[in-house]
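Student: What follows is the residue order along each chain.
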Amino acid sequence: MGMKILLIIPAYNEEQNILKTYNSIINYNKKNKANYDVVVINDGSTDRTEEILIENKINHIKLINNLGIGGAVQTGYKYAYKNNYDIAVQFDGDGQHNVEYVKKIVNPIIEGKVNFVIGSRFIEKDKNNFNSTLARRIGINIISFFIRLVSKKKIYDTTSGFRACDRKIIEEFQQDYPLEYPEPITTVEVIKKGYEVSEVSVKMNERVGGKSSIHSWKNLYYMINVIVSIIIVGNRRYK
Amino acid sequence: MSINLRLGLVAVSLILLVITLLILKKGNMPVKYSLVWIFSSLLILLIALIPNVFSWLSTILGFMTMSNMVIGIFIFILLMITIVLTVIVSGQRKKITLLIQEVSILKKRD
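Those sequence lines, one after another, are chains A and B.
With my numbering applied, the first sequence covers 33 to 271.
With my numbering applied, the second sequence covers 5 to 114.
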């Protein structure tokens, strides 16, 4: 043990959830004698997110300009790299992810079995689990099909933002990380580069507060972008 | 090609050239990026001065009229310029992202 673990929490206008999310991690640390460090990446929020972070002395980086999810998360990986963390976990600030499962997704890395772990909603079928909408599940399955096509590996939850990676992957990500649609693209990249990837089952909560901006044309645009990206990345040659 | 059209082309060519040179003089564009505009204006001038050569070329290449070929050439040039610009903008976006990230990490108070 004795591994330094960092939770990277990207936050854009999360004034309603960020403190709750942070407190859940601190409480978990106290109860379980864990020591997960936290860095919140405030991606140019225009609401009270920054004030809440300062008032509560939460370790955070305030981006001087909005970068979007990819650029924000990458800032977290750069921070993890510069501060010599062994494991970095991507964790949503909107209450969708549950800190109880962090242990489960970092364990395969601590045991040295894999480099990259994806927290997946779809491995174990469970009616109580929040599996998101039908349309979204179909989209995720289509992405899954294309990832399998180019990498020969079946990934169930292709858009999960609940992921853990070891030092090697932290180094890869701090160097190069897609600005858009990072989850499916980095999954393909990591597999293509020959790293060990595994998926473990987690439960996710339905988003509390904030709103999911699901719009059908936007989704079609998203799907086209992701599929083309997967095919391009899948046909790159890494040494 | 009618004399009116040829005069028009000469005017367009000169306007394009003058605009490019003015921008260069102000230092708002590196010479590297201006070359494509200067060559475009010279090409327009060439078409106005020796239309017979282009008319012959358009027949050989199978265009119905010479103007179709000219329009085709310029659409192609503009598409190429747009692609190059997209690459330049994407490269700059990467650099700006890196700058924002590094500056934000440096500004962080522990």
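It cannot be assumed that every hint is accurate.
Said to hold, decoys possible - A few chain B residues that don't get close to chain A, going by computed Cβ distances all over 10 Å:
| id | residue |
| --- | --- |
| 1 | Leu-9 |
| 2 | Arg-10 |
| 3 | Leu-21 |
| 4 | Leu-28 |
| 5 | Ser-45 |
| 6 | Ser-62 |
| 7 | Met-70 |
| 8 | Val-88 |
| 9 | Ile-104 |
| 10 | Val-107 |
Unchecked claim - Facing chain B, a subset of chain A residues (Cβ under 8 Å, in silico):
| id | residue |
| --- | --- |
| 11 | Thr-78 |
| 12 | Ile-93 |
| 13 | Lys-94 |
| 14 | Leu-95 |
| 15 | Ile-101 |
| 16 | Gly-103 |
| 17 | Thr-107 |
| 18 | Lys-110 |
| 19 | Tyr-111 |
| 20 | Ile-174 |
| 21 | Gln-207 |
| 22 | Leu-211 |
Since the hints were made in silico from the structure, they are not lab data.
Here the structure is a predicted model, which means the values were calculated and not measured.
Backbone N, C-alpha and C define an ideal beta-carbon position, used for all residues, glycine too.
Student: Against the structure, test the hints numbered earlier, and report the numbers of the ones violated in rising order.
Tutor: Result: hints 9, 10, 11, 15, 20 and 21 break, sorted rising.
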